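Asker: So the protein sequences, as listed, match chains S and D. Here my numbering is used: the first residue of the first sequence is 1, the next is one more, and so on. Here my numbering is used: the first residue of the second sequence is 282, the next is one more, and so on.
Since the hints were derived computationally from the structure, they do not count as laboratory data. Among the hints, erroneous ones may be present.
Below, in silico cross-link-like pairs of lysine-lysine (DSS-like), each with a Cα-Cα straight-line distance of 27 Å or less [unchecked claim]:
1) S/K92 <-> D/K284
2) S/K95 <-> D/K315
3) S/K6 <-> D/K371
4) D/K466 <-> S/K95
5) D/K283 <-> S/K197
6) D/K533 <-> D/K437
7) D/K536 <-> S/K95
8) S/K197 <-> S/K277
9) D/K283 <-> S/K97
10) S/K178 <-> S/K197
11) S/K6 <-> D/K466
12) D/K437 <-> S/K185
13) D/K283 <-> S/K178
14) S/K178 <-> S/K277
15) D/K382 <-> S/K97
16) D/K377 <-> S/K277
17) D/K536 <-> D/K382
18) D/K315 <-> S/K141
19) D/K377 <-> D/K466
20) D/K284 <-> S/K197
21) D/K284 <-> S/K276
22) S/K193 <-> S/K178
23) S/K141 <-> S/K197
All values reported here derive from a predicted model rather than from experimental measurement.
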Amino acid sequence: MKKANKYILLAPLLLWLFLFLVLPYCFILTQSVLTTDDFGKVIYHFNLDSYIKIFTNPLYYETLTRTFIYAIIVALACILLSLPLAYFIAFKVQKHKSFYYTLIVLPFWMSYIVRAYAWKIILGEQGIFNSSLMNLGIIDKPLRFVLYSDFSVILCLIYIFLPFVCIPIYTSFEQISKSLVEASKDLGANSWKTFWKVIFPLILPGVISGGTLALVLTLGDFLAASLLGGPNTLFISNIVQNLFGTSNDKPLGSAVGVVLLVLVFLLLEFSSRYEKKHETQ
Amino acid sequence: MKKIRAFIISFSAFSVLWFLYFPILIIIWFSFNKESVSSFPIEHYSLDWYVKLFHNKSMMQAVRISFFIAISSTIAALIIGIPSAYALHKYNYFGKNLLLKVILLPITLPGIVTGVAMLSFFPMLGIPLSLTAVLIGHTTFLIAIMITQILARFKKLDPYLEMAAFDLGASPLQAFFKVILPNIKTAIIGAVLLSLVLSMDEIPVTFFLISRENTLPIEIYGMMRRGITPEVNAVATLVFLVSSTAIFMSLKFNKEN
């Protein structure tokens with residue numbers, strides 16, 4: 001009876017995940033080595049053309065590297081912005097700490113589309129950014145490059161993923177014991193030295209896991225580029241979106257998706273190994 | 282010197298906080314603008330865009346659809362999630378760690394890949410692109426939220442609680458409903474609120490599974506693609522108000538115990 005319970009309780013979950021998650025993932029792996037007929041219908045004919053295309057056609061491999069570089073910029077910017085805020089809440093705030101913590105957690109769950117939309121009204125030609133600069137007399141024509149460009153997409157991604165990076169960094173700051181910082185100062189290190197030699201190594205796992213999240217999220221994002229990007233802005237996920245939409249080449253789209261999956265998987269694996277290594281030390 | 286440093290730290294911290302909240306304040310502010318151009322400064326304030334919003338049929342339909350999807354996928358995720366979290370906490374399984382990783386896949390892997398995978402495979406199961414497909418897609422990632430949140434609470438629970446119930450003569454079902462469930466109640470309420478918010482906001486998977494009927498974020502996405510309309514400011518303000526209240530309550534419920 002007890003043994004039966006053990007498996008019955010888990011059966012719906014296993015069935016659901018198998019049907020609606022594992023099989024779909026296996027299917028795009030399969031689809032990525034298939035091909036299409038002249039009408040764009042997928043036919044069961046094995047070949048590796050899609051993968052060859054990704055690594056020989058500059059449209060694909062250049063977009064992939066460019067997206068990766070942008071993802072690194074987004075991750076670094078998020079880390080740089082998170083450091084003072086997380087440090088401040090962890091070490092300087094004495095009263096209402098949970099209020100400040102809520103302030104960084106709240107945007108984490110907030111609507112993506114609403115937050116992306118905000119940048120559209122801030123950066124637009126008549127938006128608050130251009131009209132304030134014009135009112136101040138700094139510029140006399142609205143700056144056009146700020147919206148519908150790679151710049152606006154990167155800015156929006158930094159804004160949206162900042163809480164994802166800030167929370168793990170804050171958590172690692174919180175775990176540092178204050179006596180360690182005092183000891184370092186007692187031994188004659190100045191604040192700068194204390195930060196880099198004592199505090200920073202201790203928050204590095206938080207920095208790495210937050211940074212990896214920002215990297216992975218940027219690689220998988222197609223919304224920011226399609227909402228705030230210019231005509232030439234193309235992220236790797238937009239290619240997947242187009243191949244499953246207007247271009248209708250599902251095998252190639254699946255192959256790009258698989259490459260993306262492998263990349264994300266490697267990044268996450270690297271980051272979790274790093275964290276485990278630090279836990280055991 | 283020390284004072285200057287302290288000033289620089291708090292100044293940069295508050296600048297970052299400002300960066301996080303300023304765009305949201307802008308939307309709320311502009312939603313009360315009478316003009317349709319979101320230029321600065323605002324000359325006349327009004328509630329016109331809210332009135333227009335409530336008369337916008339496709340937007341109202343999208344709100345109804347989003348509520349329907351959010352509520353039904355949350356219920357489905359509860360039905361699957363609670364027994365699974367209980368079983369995963371109580372028993373040991375072969376390959377349990379792998380299973381826990383698979384459960385998390387829809388929230389760790391890029392939503393776009395999950396979306397196109399479901400788009401390609403669901404028709405083979407006889408599920409066409411439709412609200413049913415969206416419902417299944419949402420349930421799949423809400424299960425991950427449900428199980429992680431409830432499992433975290435189980436880990437904090439006193440292991441002797443259930444044994445005590447058994448010793449006092451409770452049947453397994455009685456022990457679960459009278460002892461276990463009341464103890465994880467707040468975690469469940471918190472997870473339900475988060476699930477509702479996440480489902481109401483989901484785009485990457487929904488985008489690929491939807492047919493003609495739009496959910497609210499997809500409707501907003503469409504409006505944004507067509508250009509700026511201040512109605513979006515109004516709907517965004519409402520979405521922001523409702524979702525932050527729900528998140529706030531959820532955080533409170535999760536902190537309990």
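Asker: Look at each hint and say if it fits the structure.
Answerer: Each hint, compared with the structure:
1. S/K92 <-> D/K284: holds (13 Å)
2. S/K95 <-> D/K315: violated (40 Å)
3. S/K6 <-> D/K371: Distance of about 9 Å is within 27 Å: holds.
4. D/K466 <-> S/K95: Given that 27 Å is the threshold and the Cα spacing comes to 30 Å, the pair is violated.
5. D/K283 <-> S/K197: holds (19 Å)
6. D/K533 <-> D/K437: holds (17 Å)
7. D/K536 <-> S/K95: holds (18 Å)
8. S/K197 <-> S/K277: holds (19 Å)
9. D/K283 <-> S/K97: Roughly 23 Å between the alpha carbons, so the hint for D/K283 and S/K97 holds.
10. S/K178 <-> S/K197: holds (15 Å)
11. S/K6 <-> D/K466: With a Cα-Cα distance of about 22 Å, the restraint between S/K6 and D/K466 holds, given a limit of 27 Å.
12. D/K437 <-> S/K185: Between D/K437 and S/K185 the Cα gap is close to 37 Å, so the pair fails against 27 Å, i.e. violated.
13. D/K283 <-> S/K178: holds (18 Å)
14. S/K178 <-> S/K277: Cα-Cα ~23 Å, so holds.
15. D/K382 <-> S/K97: It is violated: about 33 Å lies between the C-alpha atoms, which goes past 27 Å.
16. D/K377 <-> S/K277: Given that 27 Å is the threshold and the Cα spacing comes to 22 Å, the pair holds.
17. D/K536 <-> D/K382: It holds: about 25 Å lies between the C-alpha atoms, which stays within 27 Å.
18. D/K315 <-> S/K141: holds (25 Å)
19. D/K377 <-> D/K466: Holds. D/K377 to D/K466 sits at ~25 Å (cutoff 27 Å).
20. D/K284 <-> S/K197: Given pair D/K284, S/K197 holds - Cα atoms ~22 Å apart, limit 27 Å.
21. D/K284 <-> S/K276: Violated: D/K284 and S/K276 sit about 38 Å apart, past 27 Å.
22. S/K193 <-> S/K178: holds (16 Å)
23. S/K141 <-> S/K197: Violated, at about 48 Å.
Violated hints for the displayed structure, listed by number in ascending order: 2, 4, 12, 15, 21 and 23.
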